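Engineer: Chains as they are written, first to last, in the working numbering: chain G, 1 to 484; chain D, 485 to 945.
A hint or two may mislead.
What the hints assert, rightly or not - Cross-link-like lysine-lysine pairs, in silico, PhoX-like; alpha carbons within 20 angstroms at most:
{"hint": "1", "chain 1": "G", "residue 1": "Lys227", "chain 2": "G", "residue 2": "Lys6"}
{"hint": "2", "chain 1": "D", "residue 1": "Lys892", "chain 2": "G", "residue 2": "Lys227"}
{"hint": "3", "chain 1": "G", "residue 1": "Lys286", "chain 2": "G", "residue 2": "Lys338"}
{"hint": "4", "chain 1": "G", "residue 1": "Lys338", "chain 2": "D", "residue 2": "Lys669"}
{"hint": "5", "chain 1": "D", "residue 1": "Lys892", "chain 2": "G", "residue 2": "Lys338"}
{"hint": "6", "chain 1": "G", "residue 1": "Lys421", "chain 2": "G", "residue 2": "Lys338"}
{"hint": "7", "chain 1": "G", "residue 1": "Lys481", "chain 2": "D", "residue 2": "Lys943"}
Rather than coming from a laboratory, the hints here were simulated on the basis of the structure. Note that the structure is predicted; figures quoted are calculated from it, not measured.
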Amino acid sequence: MTHPWKEELNKLLLQGASYADVRYTPREDSAALVMRNGNLLAFSAGGERGFGVRVLYQGAWGFAASSDLGSITATFARALDNAKSTARRLSRPIRLADKQVHTGRFTSPCLVDPAQVPYDEQVAFLRRVDTALQQTGVEQRMIFLRTQSRLTEYYDTQGAQIVKEIREIFPYLGIQGRDGDGETQSRRYSPPRLGSTRGWEIMQADFFEEQAARMVRELNETLAAPKCPSDVRSVILMPDIMYLQVHETIGHPLELDRILGYELSYAGGSFVRLSDFGALRYGTDKLTVRADATMENSPGSFGYDDDGVEAQNNLLIKDGILVGAITSRQMVTEANDKMGREYFKGSGGTARASSFRRTPLERMTNISVDPGTDGTLEDIIAKTEKGIVLSGDKSWSIGSNREQFHFANHYGYLVEDGQKKGVVRSCAYSGETLPFYNSLAMVGDERTWQVEFVPNCGKGMPSQTMQLGHGVPVCRFDNVKVGE
Amino acid sequence: MLQQMKETLLALREYALERNLQAQLSLHREDSHLTRLANGSVSLNTTESVTSLSVTAYGDRRTATATLVCGLKDLDMMRQAVDRAAAMLPHASRLSFQPTLPSIPADSTCETGYDAALAQLGSAGILDYISDAAAGLEDEDLTLGGSFSVGGTAWCTLSTATPHSVSWRLSDAQITLVLASAKNKWEINAEQSAQSLDDLDPKAMRRHLAFLKEQYLTREAVRLPLGPVRVVFGAAATAEYLSYLSYLGLDGSAMKQGNSIHREEDIGQRTLSHKITVTEGPDCPGAFALPTDDFGRSRGTAAWYDKGVLRGFIWDQGAADEYAQTPTGHNLAHHSFALQPGDMAVNDLQALAAAPRDTDILYVPYLHYTGVVSPSEGLITGTSRFGALLLKKDGAIQVPYNVRFTEKLEDIFGGKLLWLSSESTVYNTSSTYGSRNPSALRVPRLMCCDQINVEISNKSY
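Chain G with its partners taken away, still in its complex shape:
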C-alpha cells in the first residue's frame, strides 16, 4: 500500500512549518523466548506498525504518532498543533545544522533471518543450552532470546528518502547459586560480536555450551570463595564490565543533550561543561575513545540516523583530552551558539529513536576505547603488584551527573606480585569518574579488544530503549576502592 507521506509533509510546509520528517514502520517483527529451569515461560511473537511525525514550526518541535493508518492526516495535523503550542513557551528557537540530503538504504548484516528459523529449532536450542547449565551448584537457570526485525522508511521536507532494515538477535544466559552464607551469587553471559554478521548463524550450540560450562565453573568457584576484600588496589576490568564502565561514565556524560541540560528532569546531567571541550583531561594519555557508527556489524551501526544524517566515526577523547561529543543536528547549533564559536562542525549523526512512536534523541552508537600497547591480560597481570581482575555486570549505579559510580561484578580473582591468586565473591568497586580515568595505567592490545553489545540502554521522556555497542580492551586502573 502506498501512503501519502510526501504530500502530507508538503502540506505542513504550506502551513508554515520550516521542517518536518516522518518515520513509517510498515513492519516490525519481534520474538522473545524465556526458559527458566527448563520451563519455556515466555514464547511470544510481536508485530507492530505505525508512524511518527516531527514538525518544526517557528523554531519549536511538535511530534505525534499513531498505530492507526486511518488517521494519517489527523496525526500530521496534531503534530503541527503540538509544535504551534510549543512556540508559546520558547526562549531559544531551534535551528538544525546543515546536512547532506541522502537517498539511501541500510541493511544490517545477517545471513539467517531469525524470523525464518522454525520455532522447534529455536526451542530446541534453548533446551540444549539449558541442559548444559543444569549442573551441580546451579539452583536457577535462565535463558533469554530476543530477536527483532524492523523496516523503517524515513522521509523529510528536505527531500531525504531512507529505508533501513535492521535485524537484531540478543541471547542471554544466567545462572544462580547460594554461597556458604546463604547469599545469592550469579553469573551471566551475553555474547560479544561473534563475526561479521548477527543473524541466527551466531547461535552455534557448541559455542554456547562452552560458555555454559565456563559459567558453571566460575559460579562454583565463586560460591566456595571468601568475600572480596574492602580496600584500595588496582582493578583490571575485563571487556564484559569495561563496556559498562565506558557506557555509563564516558558515553552518557558526552551526550550533548545531557550536557546542555535536556535530560535534567529524569536521566540526569553531565559533569562536562561546554568549556571543557578541547581542554579537559578526561583520562591518562592511554585513553582514546571514539563514537563509531560505521563499525562493522554492531547494533550501534545503522547507516543513517533519524535526522537522515549519514553514520560517522568521530573522536570523543584523544590521548586523554576531551575533544568531541555525541551530537545531533539540533544540539550542535545550540552548543556552538553558547560556546561563541563553531566548535562542532556539524551533526555527529547520532539522533536515534527507539520506535515510530518516539522522537530521535542523541544516543550512543559504538562508543569504543582504542586498543593500547600493554599486551594481553596475562601481560597486564604480570605487571600488577596488588590488584583484582573483575568480570561481569551484576549491578550499576551512577551519580546524576555521571561524576561517580558503583559497579558490582559476578566474578573476580585477586592478583598479587604479578600472580593470579584466589577467586573472591561479592565483588564491587566504586569511584569518581575523572580520577578513575586519570588512574588508567594499562590498556590491553587488539588481542584483548572485543565489541560488547548493549540491547537495553534507557534514556529520554517518553523513555526509549536503544541498542548499541562498545569496543573495549582489558584495562587496568590503579588506586580504586574495592568491596561492596
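Add chain D to chain G, keeping to what the hints say.
Structural biologist: Positioned in the frame of chain G, the structure of chain D alone reads:
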C-alpha cells in the same frame, strides 16, 4: 472506548472458538500527551495514540503469545495475531506445570479512576499549569526543566472460557518540574501525581520550589564527611526503597528463585521494624488501584508486612501455577502498595527544617539511579539528588553536594528506622518505557533513619 474494545475482543473470541483455541485476549489503548521542558523552553510536545493486542494461547502444559500494535479497527490483522498464537502453540515445549486459563466469572468494569478533563487536558492546560508552578522563579541563570505526562489508558481482557471481561480506564498525570542553575550546576525539583483534574495543584509545586530555591541561593554549599549520618528521606526516596521492598521482600516468585530477602519460613516472623506496615489493594487513594484482577478476582486490601511481621508472599497466577501456591489476586497491570504512616507530626520539609534537633540531619528527597548490589541481602546503592539539605543541629541549614549510600532494606525498614511521618502522600512511579500504565505508591511524607553510611561524597554539584 471500553465498549468498543470489548466488542472487538468478543469478535476475536468467536474467531478463536471457531478454531477450538483456548486463549486470553487483551486490548490496551493509550492516548498520551507529554510536554517536556529544558532550559526554560518546551523542548518537545508529543502525543501518541497506540492500540496493542495480546493473544495468549493455552494448551496442554504450554502457552504461546502473539502481540500486535495496530489500529483499533484493524480486525483482520488482529485475527492474524490469533492465528499466529495458535500456530506457535504446538511448538512451545511442555512446562512442568499446567498454566491456568482465566475464567472470568462476571463482567467487571471500572471507570471511576477516569477523568476526561485530566486525560484530555491539552497543550494549553499543560502550559497554564507550568506557568503557574514556575511563576517568578526563573531568571537568567535559573531555568525550568521537567516533564508533564498526561493521558488516558484503557484495558480490556477476556478469555475463551467465558464471555465476561475485566476492563478499566484510568486517567493520570505525572509531573516533574526542575529548576536548574546553569552557573552552579545544581537542580531542585518538585513532583506531583494526579488521577483527576482536581489533583493538579501548581501552587503547591511553586511553594516547594520557592523554598528550595531560597535555600540553594542563600545557604553555604558543603561537602559532607564520609561515615554515618542521620537521614530524613523524602517521599520519592522512600518510594524507591518501598518499591524494592515490594519485590525483594514480597514477591513469591523472587523468593523461590533466591532473589528475596526472605524465605518461606519467615512468614509470621518479625522481619522489619514494628513501625512498618505495608498494604496492597484497592483502598489506596491516588495510587490508580484496581478493584479486580485479570482473572476476575475481586481484590481486598491486605497488610503484607503487619507491624514488621511478614504475613505472606504475593503470587500471581503464573507463579502460583509454577510453584503450586494459591494466587493472591495480583494478575494486574500494576500494584498499589502503601507504607502506612507513623506517629511523627512532621509532614513537610519546612516543618522538618523548623523542628528542634539534637544532631545534624541530612534531608534526601530523591535517589538517583539506584542498583541492586545483592538481591538476597537487599543491598541497594544510590545517590542523593534534587534538593538535598543539611539541617544542622544548631538550626543552621547548609546545601550538601550529593552523596552515595549502599544500605540494606532490612536496615532501612528495620534497625535504622527512627520515625515515619503521621501523614502519607502518593508518589507517582509510572514508567514511559513501554505502554502507558499509571502506577503510584503511597508513602509517609518523610522517613527518618539513623546511621546511614555516606561512602562517596561529591566535591561539587
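Engineer: Please verify whether Lys892 (chain D) and Lys338 (chain G) have alpha carbons no more than 20 angstroms apart.
Structural biologist: 44 angstroms, violated
Engineer: Check the hint pairing Lys892 (chain D) with Lys227 (chain G) against an upper bound of 20 angstroms on the C-alpha distance.
Structural biologist: 17 angstroms, holds
Engineer: Is Lys286 (chain G) within 20 angstroms of Lys338 (chain G), Cα to Cα?
Structural biologist: 31 angstroms, violated
Engineer: Sort out whether Lys669 (chain D) lies within 20 angstroms of Lys338 (chain G), counting only the CA atoms.
Structural biologist: At roughly 16 angstroms apart (the allowed maximum being 20 angstroms), Lys669 (chain D) and Lys338 (chain G) satisfy the hint.
Engineer: So if I understand the rule, the pair passes when the alpha-carbon distance is 20 angstroms or less; does Lys481 (chain G) with Lys943 (chain D) pass?
Structural biologist: 17 angstroms, holds
Engineer: Has the given pair, Lys421 (chain G) with Lys338 (chain G), been kept, meaning a C-alpha gap of at most 20 angstroms?
Structural biologist: 52 angstroms, violated
Engineer: Just to be careful, I want the Cα atoms of Lys227 (chain G) and Lys6 (chain G) compared with a cutoff of 20 angstroms; is the pair within it?
Structural biologist: Violated - the C-alpha atoms of Lys6 (chain G) and Lys227 (chain G) are around 63 angstroms apart, more than 20 angstroms.
Violation of the numbered hints given earlier is confined to hints 1, 3, 5, 6; the remaining hints are satisfied by the structure.
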